[in-house]
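Participant: Chain by chain, the residues run as shown.
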Amino acid sequence: MAGRLEVTEIELFYGDARALDRVSLAVEAGTTVAVVGANGAGKTSLIRTIAGLMVPARGRIRFDGQDITGWSSDRVCALGIGQVAEGRQLFGGLSVRENLEMGALVPRARAHRRASRARVLDLFPRLTERLDQAAGTLSGGEQQMLAIGRCLMSCPRLILLDEPSQGLAPALVGQLYRVIAGLKADGLTLVLVEQTVAASLKIADAAYVLEQGRVVRSGTGAELLADPAVRTAYLGL
Amino acid sequence: MMAAPDPARRGRLLFGGFALVLAVWPLGIDDAYLVSVAITMLWFAAVGQAWNLMMGFAGQLSLGHTLYVGLGAYTAAALYVHFGIGPWIGVWAAVAVAAAAGAVIGGLGFRFGVRGVYFALLTIAFAEFTRIGFDHLDWLGGSAGFFLPLDHDGALPWADLRGPPLLFYYLLLAYTLGLFLLCRAVIARPLGYRWRAVREDQEAAAASGINVFRTKLAAAVMSAALTAPAGVIQAFYYNNLFPDQAFAMHRSIEMILAPIVGGIGTLFGPILGAVVLTPLGEALTLGLEALAIDLPGLKQTVYGVLLVVIVLRLPSGVWPPLARRLGLGDAATRTPDR
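Chains A and B are the protein sequences, given in the same order.
Going by the working numbering, the first sequence runs without a break in its numbering and finishes at 237.
Going by the working numbering, the second sequence runs without a break in its numbering and finishes at 575.
Bear in mind the hints are in silico, worked out from the structure with no lab data behind them.
Predicted, not measured: the structure shown is a model, and the values here were computed from it.
All clues stand as given, with none of them false.
Not close to chain B: a few residues of chain A, all C-beta gaps over 10 Å, as computed: (1) TYR14; (2) VAL55; (3) ASP67; (4) GLY70; (5) ALA111; (6) THR128; (7) GLN166; (8) ALA181; (9) ASP205; (10) THR220; (11) LEU225.
Restraint-style ranges between C-beta atoms, simulated for each label pair: (12) A:ARG110 / B:ARG249: 23 to 29 Å; (13) A:THR137 / B:LEU543: 30 to 36 Å; (14) B:PHE349 / A:GLN175: 42 to 48 Å; (15) B:GLY344 / A:GLY65: 33 to 39 Å; (16) A:ARG110 / B:GLY254: 35 to 41 Å; (17) B:GLY254 / A:ARG108: 40 to 46 Å; (18) B:ALA337 / A:ARG119: 40 to 46 Å; (19) B:ALA260 / A:GLN175: 52 to 58 Å; (20) B:LEU549 / A:GLY65: 58 to 64 Å.
Derived list of chain A stretches under chain B, where covered just means 3 residues or more per stretch with a C-beta under 8 Å from a C-beta of chain B: (21) 72-81; (22) 87-94; (23) 101-107.
Backbone N, C-alpha and C define an ideal beta-carbon position, used for all residues, glycine too.
Only chain A is shown next, with the shape it has when bound in the complex:
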């Protein structure tokens, strides 16, 4: 399956404002890496840059050894990098079935469309009952399931998860993390961007802390969970 991601010294600007300042990270194939930080730290900018939605001013992004810096998002997705965006970005006026089909439009996923849909519906049985319902009318939890399901339909090797627990009830967050753990167990490479720091660090093999667009700490999930500075700043302990 592979799915190794390497980000080297990327810089991103919004006008004159620097959003990412020489950010580097390495995600080994089959591992889960958490990126944590406060609002405005640059987490979403990092995800969007990797996904090809933003073009970095400097630095390189490599996926399985291939330089994908500056690639358009459709090419990045076609290569096997899926994205579950912040706010879910579902096609609200379309049905659940159509949303899932959208995920399988990339060439590498077309042949596996039926098998992928069966896998997604097995993972999220609730969606089976909602197939003909408009995505915009689903509950928050169901929308998040659909967003992940649509991403899985593209048969990704790596998934970028941007704030997946945002807006979910605590009970649903637990359910969501069980799904994420299942994806990890399946061998998928995951990059998890979260403000729910404790949960994401627990599941992560490695983690990075972003502050004002810079990586200020990194280590294994367990190391950062034990780090007094992280516990004070992000866990309120």
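Given chain A, put chain B in place with the hints provided.
Facilitator: Showing chain B alone in chain A's frame:
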């Protein structure tokens, strides 16, 4: 007791019945006026369907679609008058010219990120430039008009489209029904899915692996190409072309009323919209004549008020609620399953 047919089957039966009625009714009626009204109705249904492909399914607003009608009309007419090439061959050239124009406009607009009303302005601008250009193109008659010869040996009226109005009626009926089936097939394919993804959310579409530029361009080119045959039929039906009519701004607006009233982004909406609007306009004319009311602009005012009432009462168009009432559920407004 027989079980009620499922909504999809019921929809096919209703559509078949509707097509059969349209095919059969002129046979027992010898009324040139009714046939001419039906021709107008089908013409608007066809161009509305072609426009709906771009706006209704791909979400790209064009207010200059008359450009493709005019280009199609002039291309086929010029080939016929100057080179003796019949409309059945000319229509392919017309389609190619319109598709090229759609590619240029779409390519420019989408490459430079021109969206929404600004893209609509771009389409108007191209239609206007073209109108002005054709006004000065003496080879095609300029502003004095371009006329197709009426004489024909009468042997094969179909071959040169030199037949009676009924010939054009059946041609437009076949074109309208064919367009419906073509659009139905296309939107159920990956391209149709891409269009709707782009219509819903361009960024989410891009993040899902869709090349937004190519997807929008495909819609612009296909919509333009499918509009051109309506121009060819128009040219050979009326036998005259004037730039200020062929490329008129108000014509572009008229063309989009049927899909808007019928149900934008639905397959049957453009046809139903034309079925509602064309007879409505004619009924107003006849009604005011019967009442001996001859106030300039009154018909347009009443027509406009009625349009506003329809749009306010049925904001999603006439077809979606009617489809539900006919027991078609949402199946009639949803994408056919792949």
